[in-house]
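> Listed in order, the protein sequences are those of chains A and B. Residue numbers for the first sequence follow the numbering used here, beginning at 197 and rising by one. Residue numbers for the second sequence follow the numbering used here, beginning at 35 and rising by one.
For the record, the hints were derived by calculation from the structure and aren't laboratory data. Hints are supplied without guarantee of correctness; some may be wrong.
Simulated restraints, written as ranges between beta carbons of each label pair [to be verified]: (1) B:K537 <-> A:E297: 37 to 47 Å; (2) B:K173 <-> A:K206: 33 to 43 Å; (3) A:M205 <-> B:E136: 31 to 41 Å.
Covered stretches of chain A (in silico footprint by chain B; criterion: 3 or more residues with CB under 8 Å from a CB of chain B, positions within the stretch not fixed) [stated by the list, open to error]: (4) 211-217; (5) 256-267; (6) 284-290; (7) 318-324; (8) 328-337.
Derived DSBU-like pairs (lysine-lysine); straight-line CA-CA distance at most 35 Å [stated by the list, open to error]: (9) A:K268 <-> B:K643; (10) B:K313 <-> B:K447; (11) A:K338 <-> B:K313; (12) A:K338 <-> B:K175; (13) A:K300 <-> B:K595; (14) A:K206 <-> B:K313.
Ideal Cβ positions, reconstructed from N, Cα and C, are used throughout, including at glycine.
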Amino acid sequence: MAKINEAAMKKINDICDRYINEKTPLMMILSDIQKEYGYIPIEVQEIVSERTGISVAEIYGVVTFYSFFSLKPKGKYIIGCCLGTACYVKGAQQIIDKFSEILKVGPGETTEDGLFTIDALRCIGACGIAPAVTINGTVYPKMTVDQVAGVIEQYRSMEA
Amino acid sequence: MAIKTNTELDARIQECTACLQSKIDGSNGKRAVVLCGGTGCLSSHSDEIREKFETIIKAKGLEDKVTVNQVGCFGFCSQGPFVKIFPEDTLYRLVKTEDVEEIVETDLIKGEVVERLLYVEPSSGAKVQKQEDINFYKKQKRIALHGCGLINPEDINEAMGAGAFQGIKRALSMDPKDVIDEVLASGLRGRGGAGFPTGRKWSFAYANAADQKYVVCNGDEGDPGAFMDRSILEGNPFAVIEGMMIAGYAIGASEGYFYVRAEYPIAVRRLRIAIDQMKELGILGKNIMGSNFSFEANIRLGAGAFVCGEETALLNSIEGQRGMPRPRPPFPAVKGLWQKPTVVNNVETLACVPYILREGAADFASVGTEKSKGTKVFALGGKVNNVGLVEVPMGTTLRELVYDIGGGIPGNKEFKAIQTGGPSGGCLTKEFLDEPIDFDNLVAKGSMMGSGGAIVMDEDNCMVNIAKFYMEFICDESCGKCSPCRIGTKRMLEILTRITDGKGTMQDLDELEQLSNAVKNNSLCALGQTSSNPIVSTLTHFRDEYIAHIVDKRCPAGVCKHLMRYKIEPDSCWGCGLCARQCPVNAITVTDYTAPGKKKPAMSIDAQKCIKCGMCIASCRFNAITKA
C-alpha cells in the first residue's frame, strides 16, 4: 500500500471535520471516503481514528460489516448484477455467470487491468425491469445473456 | 415566504389545489404532458423523452399551450416509460424517444390519439385509452401511494395541491393523546413486516417521559423483490415527512431520522429537496405554523446491510456502529436512539398517517378486513404479466392480485406458487389463491405479509432452489451476533446445497426440520427467527420436489444444474450441426441414425462431457433439444 500523500491526508481530515457537530459521525465519514476514493484501506482508517478519537478496531469493525465499504480498490466500472428474487427468477444468475465467464473474474473480484469489478447486488428495487444490471449507476433493464458481451465491449471501446 | 398561521396555510393550500386541478382538467387553457420519473422508467430513458418533448414543443412554439411535467412512479413498471396527456387523460405506454415527434404532431397538435401507443388489455386485445379503465388499476385504491404518479415530487406546491399538510394541521389542533387515539382507531398496523399496531407503538413512547425523543423512519427496504418504500419516497416524499412530523407531535419528539438505503439515490435526493422546501415554507423547523411544536428531519444512509431493516440494528447503524440487533427489552420506545425513547416506523406506515389525520380514522378503517385496516402496497413481480407496484385494500384475494391485476402468468404457464414476505415469508400454492390477504390470514396459512414483496412462480421454478436462494441470502446477511442464526443458517444452506447437487439423503429432510425449529426459537432477532420460513413452507407444500431431488436425482423444473440432463430428440433433429459448433466442450457428435424424412443423421450429447451451459438449446432452430 502506497503511503498516503499530504493532499489525501488533508482531504480525509476535511471529511472528518464536516461532521464535527454530529453525535455519531462514523458512518457518514466512511460513506464520504468510500465515495471519494472507492475504498477505505487500513492507513486511511488510522487517519480517521486519529482525527475522531474512535479506535481503529471499531472503525475496522464497521468497515468490514457493511458491503458498501471496501478495503481494496475497485475497478473503474462496477458491474452490479441484481440477484434479488424478481431478477433471480428471471435468470439473473445466468447473467452474472456470463459476465464472470467473459471477464474471467468472479463476483466481488476485479479484472487485472483494473477496469471491471463484478458485484452481486441485493435487490435494487428495480423489479419491474428484471433482470437488472447497473454499471456505475446506469441501469440496464431486462438484460439478456446475449447482451452481456456487447455491454462489456461498449465499455472497453470507451477505453481504447 | 414562510407560513406562520393556519389561515395562511389554508389560503396557500386552496391556491395550490386550484392550480393542480386546473392543470388536470385543462381549465388553465393548457395541456399537460406528464412523464413517469420513477427508477424503472428513468432507466428506460424517460428523462431523455422529457427533454425531447421540451425541445420539440419549443421548436413548434407550443410553450404557451403545453406544459411538460415529471411525476413519481405510475406503478405499472413493466409497461413503462409512461406518458400521460391531460386533460384527456390519455395514457401512452412503452414510449421511446422516437415516438415523441408523433405524439406532439398527432395528439398535441391535431388532437388525435396515437393508437399504437395505447395499452392493450391482454385478455381481450382491446386498446385502452385511460389509466382508470386498465384492469391493472381497476381494483387498486391509493392511500399510501397517494400523489404518486400525479404530482411533481420535487414541488411542494403540487404536493399541497394534492392534500399535503392538512394532516399535520389537524394534528396540531389536537392534543397529542388524541392524535394517538385517532391512529389507534384507524387500526393502522406497521407495514414493515410484523404488523404491530402503530398507535400502540406510539402510546408506549408517549408514556415514557424524557428530555429528548426521536422518530425514525425505516427506509432500509431490504426484502428482495419489494420496492414500495422506494417508490413512495420517489413519488411523494412530502407525505412521509408529514407522517413523521405527526408521529413526532404525538409522542413528543422534536427530531426525526430517515434511514434510507444508499442504493436509492433518487429517493434520497427527492427527500432532501422536500425537506429543504418544507423548511423554507416554515412547515419544518422551529414553531411550526406559529405553534409550540418544533421538528427537525435528518437523513442517514445505509451501507448495504440487510439486517439494518431490523429496528434495533438500524438504530445501531445510525449511531455509527456495526448494524447488529440489540436484545429486547428494552424496546426502542423505552431506550432507542442514543438511549432515548424512539418510535421506528416504516415508510409506507408513515405515508398512511397524513391520510388518516386528513380524512379521519373512520374513513381509513372502512377499508380492509376486521383486523387489518386500510390498504397494502405489493410489489408484484416474477412470472406475472403485469409487473409493478399495486396498492389494494386488505382482504383482496391472491387470485385477484395475480390474475385480475397481474394479468396472469406469461406464456399461459401453470401457476405454481406466490411467495410473500421475502426471505422471512413463505410460498402459497394454488389452493390458497382464494384466500383474502391480511396480516393474520397470511400467517395462519404459513406465510406472512412482510414488507409486501409478492413474487409469482410458475412450473419452471424449482422450489428447492428457491429455498436455497433465500437461505444463501440470509446466510450472507446474518450479522453473526448470535450463534443459532450464524451457524444454523450456514448448516441449513449446506444441506440444501447437498440436495440440489443430487447428494442429499432422506435424513437431510429431518435434519432440516430440526434445524429450522432450533434457529426459529433461539435467534436474537427476526432475521434469524424467520429465516427458516421459506424452507418450512416449501417442505410443507412441495415435499415431493425435495424427494425427487433426493431419491430420483431429478429436478422436476429442470433448474438444478447438477441434476440436469440435456438430450437431443433423434426424431426431431435435422442434423444441421449448429449445436455441435456452439458446444464449448465438444460434447455433441453425429450418430448413425437418420430420422425418417430427414436428410442428415441426428446429433447426440455425451452426458459425461456436457457442462450444462445451455448453448445447444439456445442455438437449436428445431426445438430438438430438451432438458430435464
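> What are the numbers of the hints the structure violates, in ascending order?
1, 2, 3, 4, 9, 10, 11
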